[in-house]
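Residue numbers (my numbering), protein chains in the order written: chain A, 1211 to 1349; chain B, 1211 to 1349; chain C, 1211 to 1349; chain D, 1211 to 1349.
Since the hints were made in silico from the structure, they are not lab data. Check before you lean on any hint, since a few could be wrong.
Heads up, simulated BS3-like pairs for lysine-lysine below, C-alpha to C-alpha not over 25 Å straight-line [unchecked claim]: (1) 1324(D) <-> 1226(C); (2) 1340(B) <-> 1282(D); (3) 1324(A) <-> 1340(B).
Protein chains: 4
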Amino acid sequence: MATPQEIVTRMMELDKFSQWLGIEVLEARSGYSKLKMLVRDEMLNAFGIAHGGITFAFADSAFAFACNSLGKITVALDVSISFPHPVRAGDIIYAEAQQLNETSKTGLYIIEVKNEAGKLVALFKGTCFKTNRDLEIGM
Amino acid sequence: MATPQEIVTRMMELDKFSQWLGIEVLEARSGYSKLKMLVRDEMLNAFGIAHGGITFAFADSAFAFACNSLGKITVALDVSISFPHPVRAGDIIYAEAQQLNETSKTGLYIIEVKNEAGKLVALFKGTCFKTNRDLEIGM
Amino acid sequence: MATPQEIVTRMMELDKFSQWLGIEVLEARSGYSKLKMLVRDEMLNAFGIAHGGITFAFADSAFAFACNSLGKITVALDVSISFPHPVRAGDIIYAEAQQLNETSKTGLYIIEVKNEAGKLVALFKGTCFKTNRDLEIGM
Amino acid sequence: MATPQEIVTRMMELDKFSQWLGIEVLEARSGYSKLKMLVRDEMLNAFGIAHGGITFAFADSAFAFACNSLGKITVALDVSISFPHPVRAGDIIYAEAQQLNETSKTGLYIIEVKNEAGKLVALFKGTCFKTNRDLEIGM
């Protein structure tokens, strides 16, 4: 059976939008992931700051990698995100996903997104649903 | 003073990520917007469905356009999103943002994202914060 | 098999906190409920307005009645609530729960809480999890 | 000017519903509070577990005490809560509210509710809005 690291490496190879974002996987363990990315000009909104969808997507990838590292195909059900601080072009941001709870069918995760100065730029609370299907993504 | 339609047209011209998404503005009124986009291959995740960040970003643009159409620079504070149904490449999706409440400093919006079959694919509830600054984006 | 109306009537008989709140069931259908209650002095917080927990609990009962009316024991997994307008002692408030989506294991509901003037005082978005157990509460 | 401890003590004296809940304030600091309560029979729902509104209300009081300890009247704007584990009659539960961010007008808090075994029973993420009014509750 694949390790969490192998699963996340393979997911990243298949995940075209995470590739577009330029996500780098720093760490992947059971129920945990840590990611890094650089914010580019094409990710900005009308006010010249990162579009909320960029920060959300980055946290959501961390969430997906942490959930699926457990070996079952798992999908996001419900997410709440707060944006305490703007993200700018050139910022390097980090997402850290941690599992807080797990039942047979669901999981609860918190994902913190911080900039290089350690400032919290997004707080993401996610509930996922575990399907019965094993994650076999060509490994 | 600019009309909601003029504000949203100008925001769309400046919003590089909404351009990358291929968002088309169907309607913009005070506290309301309706958008359309086509889901492309490069927007998919490891399971071959649209990345949650894509659907979120689409709804978030509808939210931003509806909030800012009122003339003050307004930013997302807190959002909750549910994903009742997957989105696939080739899907054309529609986002409709409606204001449910407004105070002097905050606003509450609901954004529904549906596919062409009229199936709800995301439900987004957003709270925004209105700054004191007038929206003057080069008009 | 019990009807939604019978299920909700029986749930209300067993639900001691909903009784304390003084909830009255106005309507119960499959995936839907409408409730009414009067806000009392003992429900207020330090600012003399209804405690957020009161408004939440009222909406949560509407959610539970609507979810469980389908016949399987169903529990709240994740909820987001916004409080656009304060609730005061003496207010009569109404909660209306509607199902927006249903899968084999989960459901998505929106609950609107309004006062007598029709003003929205809370907007509640809830995701529930359906267990395999039939609801047999002594009927 | 009143200390956070004095503010929270006074709020608790005025907060009738927190009194009904039997909340005990264990600690109050600037942007922080820790509370304790015992779950009673009259707080249960139709399934014989604590009504979601009880757990929410307990966390919401911790949120309100932490927010208002800073000296300005502050109200809950938007909250997301997850319920990873049921709460039962006889359980003693603890809520700990921590400020994660503060702007001139808003604040972001996380509140963890745990039972005596240290199990997380609710995770509450709250955004509050600070009014301009000083908190003068008869002190």
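How the hints compare with the structure:
no., hint, verdict
1, 1324(D) <-> 1226(C), "holds (23 Å)"
2, 1340(B) <-> 1282(D), "holds (20 Å)"
3, 1324(A) <-> 1340(B), "holds (24 Å)"
Checked against the numbered hints listed earlier, the structure breaks none of them; every hint is satisfied.
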